[in-house]
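Throw the hints in and build the complete structure from the sequences for me.
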Amino acid sequence: MTAPDTHPPRLYAPREPVFPRRVKGSFRTMKWGLMAAMLAIYYVTPWLRWDRGPVLPDQAVLVDLANRRFYFFMIEIWPHEFYFVAGLLIMAGLGLFLFTSALGRVWCGYACPQTVWTDLFITVERWIEGDRNARVRLWNQGWDARKARLRLTKWAVWLLIALATGGAWVFYFADAPTLMRELVTLQAHPVAYTTVAILTATTFFFGGFAREQICIYACPWPRIQAAMMDEDTITIGYRDWRGEPRGKHRKAEGAERLGDCIDCGACVAVCPMGIDIRNGQQLACITCGLCIDACNEVMDKIGKPRDLIGYLALSDEAAERAGKPPKSVWKHVFRPRTILYTVLWAGVGIGLVVALFLRSDLDLTISPIRNPLYVTLSDGSIRNDYDLRIRNMNNSERTFFVTLERNPSLTLTLEGRQGQLVTVAPDAMLIQRIYVTAAAGTPAARAERTPLRIWASDVASRTRVSVDTVFNGRPQ
Amino acid sequence: MSAKHDPSRQPGDPETTGHEWDGIREFNNPLPAWWLWIFYATIVWALIYTILYPAWPMLTRATPGVLGYSTRAAVAAEIERFERTNEPWFQRLVDTELAEIEADPDLNRFARSAGAAVFRAHCSQCHGAGAAGVQASGFPNLRDDDWLWGGTIEEIHLTITHGIRNETDPDARWSQMPAFGELLEREEIESLVQYVRRISAQPHDAALAEAGAELFLENCASCHGEDGEGNQALGAPTLNDAIWLYGGSEEAIRHTITYSRWGVMPAFAARLREAEIRAVAAYVHQLGGGQ
Chain A
1 MTAPDTHPPR
11 LYAPREPVFP
21 RRVKGSFRTM
31 KWGLMAAMLA
41 IYYVTPWLRW
51 DRGPVLPDQA
61 VLVDLANRRF
71 YFFMIEIWPH
81 EFYFVAGLLI
91 MAGLGLFLFT
101 SALGRVWCGY
111 ACPQTVWTDL
121 FITVERWIEG
131 DRNARVRLWN
141 QGWDARKARL
151 RLTKWAVWLL
161 IALATGGAWV
171 FYFADAPTLM
181 RELVTLQAHP
191 VAYTTVAILT
201 ATTFFFGGFA
211 REQICIYACP
221 WPRIQAAMMD
231 EDTITIGYRD
241 WRGEPRGKHR
251 KAEGAERLGD
261 CIDCGACVAV
271 CPMGIDIRNG
281 QQLACITCGL
291 CIDACNEVMD
301 KIGKPRDLIG
311 YLALSDEAAE
321 RAGKPPKSVW
331 KHVFRPRTIL
341 YTVLWAGVGI
351 GLVVALFLRS
361 DLDLTISPIR
371 NPLYVTLSDG
381 SIRNDYDLRI
391 RNMNNSERTF
401 FVTLERNPSL
411 TLTLEGRQGQ
421 LVTVAPDAML
431 IQRIYVTAAA
441 GTPAARAERT
451 PLRIWASDVA
461 SRTRVSVDTV
471 FNGRPQ
Chain B
1001 MSAKHDPSRQ
1011 PGDPETTGHE
1021 WDGIREFNNP
1031 LPAWWLWIFY
1041 ATIVWALIYT
1051 ILYPAWPMLT
1061 RATPGVLGYS
1071 TRAAVAAEIE
1081 RFERTNEPWF
1091 QRLVDTELAE
1101 IEADPDLNRF
1111 ARSAGAAVFR
1121 AHCSQCHGAG
1131 AAGVQASGFP
1141 NLRDDDWLWG
1151 GTIEEIHLTI
1161 THGIRNETDP
1171 DARWSQMPAF
1181 GELLEREEIE
1191 SLVQYVRRIS
1201 AQPHDAALAE
1211 AGAELFLENC
1221 ASCHGEDGEG
1231 NQALGAPTLN
1241 DAIWLYGGSE
1251 EAIRHTITYS
1261 RWGVMPAFAA
1271 RLREAEIRAV
1281 AAYVHQLGGG
1291 Q
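So the sequences go chain by chain: A and B.
Okay, so the first sequence: first residue is 1 according to the working numbering, each after it adds one.
Okay, so the second sequence: first residue is 1001 according to the working numbering, each after it adds one.
The set of hints was computed from the structure by calculation and includes no laboratory data.
Keep in mind that this is a model prediction, so the values were computed, not measured.
Using N, Cα and C, we set each Cβ at its ideal position, and we do this for glycine too.
Treat the hints with care, as some may be off.
What the hints assert, rightly or not - Not the full set, but computed from the structure, chain B residues with beta-carbon under 8 Å of chain A:
id: 1; residue: Leu1031
id: 2; residue: Pro1032
id: 3; residue: Trp1035
id: 4; residue: Leu1036
id: 5; residue: Glu1102
id: 6; residue: Ala1129
id: 7; residue: Gly1130
id: 8; residue: Ala1132
id: 9; residue: Asn1141
id: 10; residue: Arg1143
id: 11; residue: Asp1146
id: 12; residue: Thr1238
id: 13; residue: Ile1243
id: 14; residue: Gln1286
id: 15; residue: Gly1288
This is how it looks when you write it as structure tokens:
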């Protein structure tokens, strides 16, 4: 240990405000397109209609928590099929791993809601308060009428966007037109208002004020991504072997020894994270691509080749330093890790699709009554009781014929019904108590356990499913 | 040593804390100040919370909190809310003829659920949580198709309301089997045991059973019927079937004949509301043996 501290370092630092400058270029154009597409998907999806007949809701995408159904266009998921949602989440995770190991933090840079909404909020800020220099001036000056007006206008627009964001979220959980009417006429459920209020507040705060702080301090993903990326990952970087030594004074003596970087600061000025990409790979970089646009603009002006800052793989550095062409993108992307992620991702996907097409719109489960295991009847026969759950996952009422798989010892009766027909309402589950009786002295009555299969078949369509259970006898 | 005086620091290197061990320097990446403020805010929040809600332990109890919140009161309010919701259903149960309850699917679903809850609280102590009874104690199985006092929903309702052999309720149904140990010889009882074994199709001593037939007609048939078919008006069990209240072994039958049995069920008219009695009657009626 060296000499004791005379000036202890600061353990806490105030946030340095970031004023990203406007930039033009291919990445910026792509980001506008992606932003428009993703915001449109988010806001419009709950309003899409999908006809499912008279009984079921006609909202294309609906998470119906009250009735425990999830609708996605032609697909309807019941709670017992929740593995579809689990599978989709696993696919989303693996997909993220795949994209990150192949292309770096593309999720952070282009698709993450925090990035998209912050981008939108910064755009609004620029419309109202002007570009970078004007905003820096406004930040540094004292309060006056103009500053108050600009600030209030900006906050009002932000609040409207935030309200629309929080408002759109609740439409995924209830019929959108109905809920919209209720929200406006103040008749919606308090939970709806609370949800809208919370999401409005978080959107307003995260997009308007917290911005890059969320990515750097609140989000776990930047830390996890380090484990997904390696030297072959295509990511955004500064070609320091081309740019260094950097220098402003091109006409000065010794300028011929300088690299391509003229230290104009454009890449720093446009960065929404407030970092300098020339410091190398860093946790705060969300790879949004704006520094590429900014630098290319400058390189074009000074007549140097583009992509001093650009997408690159760190493993190409040696080749690029030596002036050789880098490996092709495909050679970087196709490596065992990305192939493994792709195989896993596709495997889960294929499994889900197969499961989706193989699933029946009729489902049976059975709960044997285990207290008591069996009941002895007057004539000495042995009866077992079961609760049969019949799920009619079809939007029409159906009648099912309930039978036992052939077993001469056993007979079936249904509580409260004559015969073996059960009618189940559309898109509903019915619990039917059933009784299975083994006549006195038959093998099933005397055996401790007898396997038993129960069938339910749709009288109209002949669709049938079975469920297996056991019959408990009374061993003599 | 302050970071800015660190001679080995290159331009662009992060600030260091100035700590160095064996040449390893510690970077200083300061936390944002707002993080600290949030920490202070949580402390303030916690203090306010302990003022508003029950928190600080005192000698006899915790501070109650100025909002007056208590989990007990919250549960009580919740129970009251459910009772209010259930009230129209209970009223419907009382207003509906017993025999009509099961014909109304919605009412029947409510009756079975409410009846199951009442059963667990008031009946399962004797009849068991699964309503299978306890043979060793003579608590009847309610799931089978054999009924001492009748298995229609009306008769089940009557039994629950007034009880059986219940001295506190004049409307309770009543019967008493004599203790034949004082009336018959041991051999006569033994032959009756064998006769009862015979009519219930169990292994028996044929000679003794034959001798018991006459004794049965003289002593038992008036209540249990000439063939041992029982009599629900008297609560006399059926003897010629496979179901036994106290057990069908020789010892159990011998004990029953010698000392008699005295199964008592309390009246629930004073303990339960009429609607609850109806609900539990509907529940028991639909356990598999209802008539």
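Now for the hints, and whether the structure bears them out:
Taking 8 Å as the C-beta contact cut-off toward chain A, the hint placing Leu1031 of chain B at the interface holds, the least distance being around 5 Å. Restraint check, Pro1032 of chain B versus chain A: the minimum CB separation of about 5 Å is within 8 Å; hint holds. Below 8 Å, beta-carbon pairs count as interface contacts, and Trp1035 of chain B has one with chain A at about 7 Å; its hint therefore holds. With its C-beta approaching chain A no nearer than about 5 Å, Leu1036 of chain B sits inside the 8 Å limit, and its interface hint holds.
Checking Glu1102 of chain B against chain A by beta carbon gives a least distance of about 7 Å; that is within 8 Å, so the hint holds. Taking 8 Å as the C-beta contact cut-off toward chain A, the hint placing Ala1129 of chain B at the interface holds, the least distance being around 6 Å. Residue-level restraint check for Gly1130 of chain B holds (minimum Cβ-Cβ distance to chain A is 3 Å; threshold 8 Å). This hint holds: Ala1132 of chain B has a C-beta 4 Å from the nearest C-beta of chain A, less than the 8 Å allowed.
Interface restraint check: Asn1141 of chain B against chain A, minimum CB-CB distance 7 Å, threshold 8 Å, status holds. A distance limit of 8 Å between C-beta atoms decides the matter here; for Arg1143 of chain B the minimum to chain A is near 5 Å, and the interface restraint holds. This hint holds: Asp1146 of chain B has a C-beta 5 Å from the nearest C-beta of chain A, less than the 8 Å allowed. Taking 8 Å as the C-beta cut-off, the interface hint given for Thr1238 of chain B holds, the closest approach to chain A being about 7 Å.
Because the beta carbon of Ile1243 of chain B sits about 6 Å from the nearest beta carbon in chain A, less than 8 Å, this interface hint is met. Interface restraint check for Gln1286 of chain B: the shortest CB-CB distance to chain A comes to about 6 Å, inside 8 Å, so the restraint holds. The beta carbon of Gly1288 of chain B is positioned within 8 Å of a beta carbon in chain A (closest approach about 6 Å), and the interface hint is therefore held.
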